[in-house]
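Following the hints, complete the assembly by docking chains Y and V onto the known chain H.
Chain by chain, the residues run as shown.
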Amino acid sequence: MTDAALSQPLPARAVAVPSRRTNLRHLAPWLYLAPAAITLIIWIYWPLIDAFRLSFYEWNMLPTSPMRFVGWQNYANIFALPKFWQALSNTLVYVIGLLPLAVLIPLGIAIYTHDLPARSRNVYRAIIFMPMIIAPVVAAAIWRWLLDPGHGMVNEAISLFGYRPVRFLQDPKVAIWTIIGLTGWKLIGFSTLIFSAANANINPSLIEAARMDGASRWQIIRDIRLPLLRSTILFLTLMTILLGAQWSFSYVHVLTGGGPLGATTNIFYILWDFGFSTMSVGWSSAAAVILFLGFGAVAFILFRLMDRYSFHDN
Amino acid sequence: MTTDALYAPARSHVAPRNRARGKAGIRWNTAAGHVVMVVLSIICLFPVYWMIVSSFRPANAIFETTLWPSAASLDNYVHALKAIPIGTMLLNTFLVSAIVTVVQLFTGLLAAYAFARWRFPFDKAIYTLIALTWLVPFQVVMIPNYRLVADLGLLDSLAALILPHFAGALAVLMLAQAMRSFPTEVIEAARMDGAKSWRILWEVMAPNLRGTIASLAILLFISTWNEYFWPLLLSRTPESSVVQIGIQMFITSEGTAWGPLMAASTLASLPILLIYVVLQRQVIQSFMKSGIR
Amino acid sequence: MNRKTFLTGSLALLAASGALPAFAGEFPATVQQPVTISYYNYNLASAGNGAEATKRMIAAFEKANPNIKVEGVGASSADITSRIQADVAAGRIPDVVQMVFSDLNFTVDNLGAVALEGTVPEAELKQHFEGITPNGLRLGVINGKTYGLAYTFSTPVLFYNANLFKQAGLDPDKPPKTWAEVKQAALAIVDKTKAEGIATGIFGPSAGDWLFQGVLRSNGGGLMSEDRRQLAFAQPASVEAVTMLRDLYDSGAYTNLELQAAMEGMASGNVGMYLQTSAIQGFLVKGAEGKFDLRATTMPRFGDKPQRPNNSGSALVILSRDPLKQRAAWELMKFMTSKEAYTVITSEIGYLPLRTDIVDDPKYLGDWVKKHPLIKPNLEQLAILERWEAFPGSNYRQIQKIMMEGTEMAVFGGMDPAKAMGAAQDNAQPLMPK
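Residue numbers (this note's numbering), protein chains in the order written: chain H, 20 to 333; chain Y, 98 to 390; chain V, 126 to 559.
Hints listed in this document are in silico derivations from the structure and should not be mistaken for laboratory results. Hints may be right or wrong, so weigh each one.
Calculated pairs, EDC-like style, for lysine to aspartate or glutamate (alpha carbon to alpha carbon, straight line, at most 20 Å) [what the hints assert, rightly or not]:
hint	chain 1	residue 1	chain 2	residue 2
1	V	Lys194	Y	Glu336
2	V	Lys194	Y	Asp253
3	V	Lys559	H	Glu77
4	H	Lys192	V	Asp375
5	V	Lys180	V	Glu196
6	V	Lys411	Y	Glu161
7	V	Lys501	V	Asp482
Pairwise CB distance ranges, derived in the manner of DEER restraints [as the list claims (entries may be wrong)]:
hint	chain 1	residue 1	chain 2	residue 2	range
8	V	Arg181	H	Met86	41 to 47 Å
9	V	Lys544	H	Val142	55 to 61 Å
10	Y	Ser170	V	Asp418	24 to 30 Å
11	V	Val410	H	Met86	48 to 54 Å
12	H	Phe322	Y	Ile372	33 to 39 Å
13	Y	Glu300	H	Ile320	40 to 46 Å
14	Y	Pro218	H	Phe322	19 to 25 Å
15	Y	Lys179	H	Val142	37 to 43 Å
16	V	Lys299	H	Ile177	33 to 39 Å
Partner residues are not named here, just some residues of chain V that face chain H (Cβ under 8 Å, in silico) [said to hold, decoys possible]:
hint	residue
17	Asn235
18	Gly329
19	Gly390
20	Ser393
21	Ser519
22	Gln523
Remember, predicted model here, so these are calculated numbers, not experimental data. Here a beta-carbon is modelled for each residue, glycine too, at the ideal position from N, C-alpha and C.
Excised from the complex, chain H in its bound form (with noise of 0.2 Å):
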């Protein structure tokens, strides 16, 4: 078929193209467009300008009670809260919690197991790309179990050394760091995976060039390997800092409803918090607002650093 196609010689001379197809030429792109872009104005942007709207609305989406218009009094009261500030500083601690499990050990890994001979690379790409195809519900729930204080196989092994046992989840100051885990191990497979596709991709010939040239094993990865995957880093790093909070989102539902104390909590879980359990969709609406445009802010932010200091090597 295909193959066939383009073994076939092309031929040279260029065919004119017939004017009365001009208008369809221009439609097009759009004709090809609209099913994905009619997808997503319905079921994402109509929403979300709707909680534009609604933001400034005092409504619980009944429509035998009446909408209040209050202005910014939904705003006023989120700034308001304690525990806003509390989340977005939460938000901080999981990105920057997460990035050393999402980008900095696979990436690691990905460059420590290239020269693993190839079957036993392949077996442990394959197990650690595991967790992923776990359900988040499904992993929730067996690492509650494993990480309980009392009866969790990870506090008796704790226990087996002689430490007291770890409240994983009960303790404030350990239950961010316990969820931030969890959501890196969902993930260390998959950007290990991302990692070794980018650095298998990088020309051999560079390496061998080098490696005559008499550089160590580290200034191989410093000097050629690293520049190369910029980009990859770049990427994975931009994710982790746009999404990193969301991914954690089903583990702190399931695990602990965002506390002690509201110290797992973040930005994702107080919308869903406000929106979902307390249905007032005034609250909701400007939260979704404020991270919407916070995220789309530290989004430009991050594309510009990335046009400015990443390559395509392609």
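Below, chains Y and V alone, put in the same frame as chain H:
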């Protein structure tokens, strides 16, 4: 093959397998690499192992902390199968995941093609807007979308689970990236040949994007299979719901039924686990080949 | 044009018109024509005894009322109110709902709950109410009218592990009755055994404030002023109750475990005492079976002041607007609050019987209660049960959250109780209706 031929300069290198490993340092490094990877593998595998093993523990030994159960029983499975219609739920989940995957790939290919093939007004802005949907948390759109689904009379139907996923940013962006690195000469050549844009997409581009499409399909299937919050909001009866909701039914504020929960979780993970084990090599390969950027 | 019209047009799907059909006619005496009613129930959202028993009761009801079909809809207890609200907002009004008590006010004010008086003929109501404990009946009364009939409800009881009591040198036949005694006992357990002293279900995302209200009230504290306009959970008596919990925690007697961990800790014998709803009794009994002697006593009191527990759980409420469906809904409600139903609810799902006369009746619960002495403190408290209060207005849940977060900071977070409660009250007051 076409793909390899086209991508030859960047991708033809197969890591030399038996490079001289005479130096002791390298051997030591390899050993350390194995140690690191084995530890990591255990961390990744253990919870899965624990889920499966615990699903066979009898009720009175459920909190046993032995690695291997002292006694095995199928009671948990019997209980789980009786408590929820897991067969129907698995079928629903499979249907939803398969349809979402296919449709999203389809709409993604079309949209990506539009970006790769033409320059048109606002193309950059639209591309950015599609990328930005990633930043819209589902918590925001959930309730409005619920009302829409209800208005359409689709509550309690699988269509409600599928419709909002007819397109996704990930598919569009990933495919657009892949198409961008597709040599324009080939497209030009096909066009010269008189091929219409529709045929170029399906007969020239799509087959060459097999790697990307495969890895994307896997990602989409897994993430739809594991989706929880949207189905939770929509679920009215277990018979019309997906398996993640069934699992959640074993966790209640009146206590968690650990044994049946683990049994149901195992059953829910099994299909996808099997697909993964069978296709594992291809999955990894397609990821390695396409490389998500 | 909105999304709805856009989509309905483009997909050519028949959408709900949005306009409510006008219902003519009176509340009929019987259901003469086939009708289907929806029944939102949170037991149906679990996979266990609760769901089994509920399905069986629905089937029995359908058999007894061949004209009525019941469509059971399951949503977990944490989500059911949001779910009902979403469906009302979407124009699909549920007919009968199992509503958590703390949301009852909201249901009446915003979701159009149907008052039984004025809908159901008076004589019929009177006949059905006969035998229902007045304390239980009162729980569903708002502004002088009955909107809900208590369905699955329970009281807070103090579960304790008699084996751990013995190990700690305590007398399991004399369980602690006051908070001071609880502290002593808990400290003895922490000292002499490897177990934790006491855990409670006061805090946590799914707990709301139901257990906390009982603690406040038992010390003479409360949530708000009589006229329900001013918040008052920072008043001295309330702060004193919070300070007691703080002291319990600081002394090491009280362990801060989240819901699942606490339940499993108690069930596996790692916790000495557990103050929680009696509804989890079944789970604890299963864990204790053959391992330790699980017992229960009433909620602790403050010194000589009587304990004043309030209920947890849910009531059945009719939301249906159509008289025929209202009649069908009322039939279902009657069935689900009958002696037979309460026998099932108490013995299989683990709640309290709203009809106390079935407790000693061997035809109903008589034999079961003899075999299950754990239910005793729960029944005792039925006589002194008070109402689970809800904050007024549409922000009631946020207010509750702010209060509970302040309390958590005071008890576990090291903040000064008076300051923490004061700050929470100041933050929440603007959210009260003006």
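The hints, checked one at a time:
As the CA atoms of lysine 194(V) and glutamate 336(Y) are separated by approximately 17 Å, the hinted pair is consistent with the 20 Å bound. Distance check on the hinted pair: lysine 194(V) and aspartate 253(Y) sit about 17 Å apart at the alpha-carbon level, within 20 Å; holds. Taken as a hint, the lysine 559(V) and glutamate 77(H) pair is honoured in the structure, with Cα atoms around 14 Å apart against an allowance of 20 Å. This hinted pair checks out: lysine 192(H) and aspartate 375(V) have alpha carbons roughly 17 Å apart, not beyond 20 Å.
Restraint check: the Cα-Cα separation between lysine 180(V) and glutamate 196(V) comes to about 10 Å, which is no more than 20 Å; the hinted pair holds. A threshold of 20 Å between alpha carbons decides the hint, and for lysine 411(V) with glutamate 161(Y) the separation of about 15 Å falls inside it, so the pair holds. Under the criterion of a C-alpha separation no larger than 20 Å, the hint pairing lysine 501(V) with aspartate 482(V) is consistent with the structure, at around 14 Å. Between arginine 181(V) and methionine 86(H) the Cβ separation comes to about 43 Å, which falls inside the hinted range of 41 to 47 Å.
Distance hint check: the CB atoms of lysine 544(V) and valine 142(H) are about 58 Å apart, consistent with the given range 55 to 61 Å. In this structure the hint that serine 170(Y) and aspartate 418(V) lie 24 to 30 Å apart at CB holds, the actual value being about 27 Å. In this structure, valine 410(V) and methionine 86(H) meet the distance hint of 48 to 54 Å, their C-beta atoms being roughly 49 Å apart. Between phenylalanine 322(H) and isoleucine 372(Y), the C-beta spacing of about 35 Å keeps the proposed range 33 to 39 Å intact.
Between glutamate 300(Y) and isoleucine 320(H) the Cβ separation comes to about 42 Å, which falls inside the hinted range of 40 to 46 Å. Checked against the hint of 19 to 25 Å, the pair proline 218(Y) and phenylalanine 322(H) passes, with Cβ atoms roughly 21 Å apart. Roughly 38 Å separates the CB atoms of lysine 179(Y) and valine 142(H), a value that falls within the hinted 37 to 43 Å. The given range of 33 to 39 Å is respected by lysine 299(V) and isoleucine 177(H), whose C-beta atoms sit roughly 37 Å from each other.
Hint status for asparagine 235(V) relative to chain H: holds, with the closest Cβ pair at about 5 Å, below 8 Å. With its C-beta approaching chain H no nearer than about 7 Å, glycine 329(V) sits inside the 8 Å limit, and its interface hint holds. Residue-level restraint check for glycine 390(V) holds (minimum Cβ-Cβ distance to chain H is 5 Å; threshold 8 Å). The restraint placing serine 393(V) at the interface with chain H holds, with a minimum CB-CB distance near 6 Å, inside the 8 Å limit.
Of the supplied interface hints, the one on serine 519(V) holds, with its beta-carbon coming within about 5 Å of a beta-carbon of chain H, less than 8 Å. For the restraint placing glutamine 523(V) at the interface with chain H, the shortest Cβ-Cβ distance is roughly 6 Å, inside the 8 Å limit, so the hint holds.
Checked against the numbered hints given earlier, this structure breaks none of them.
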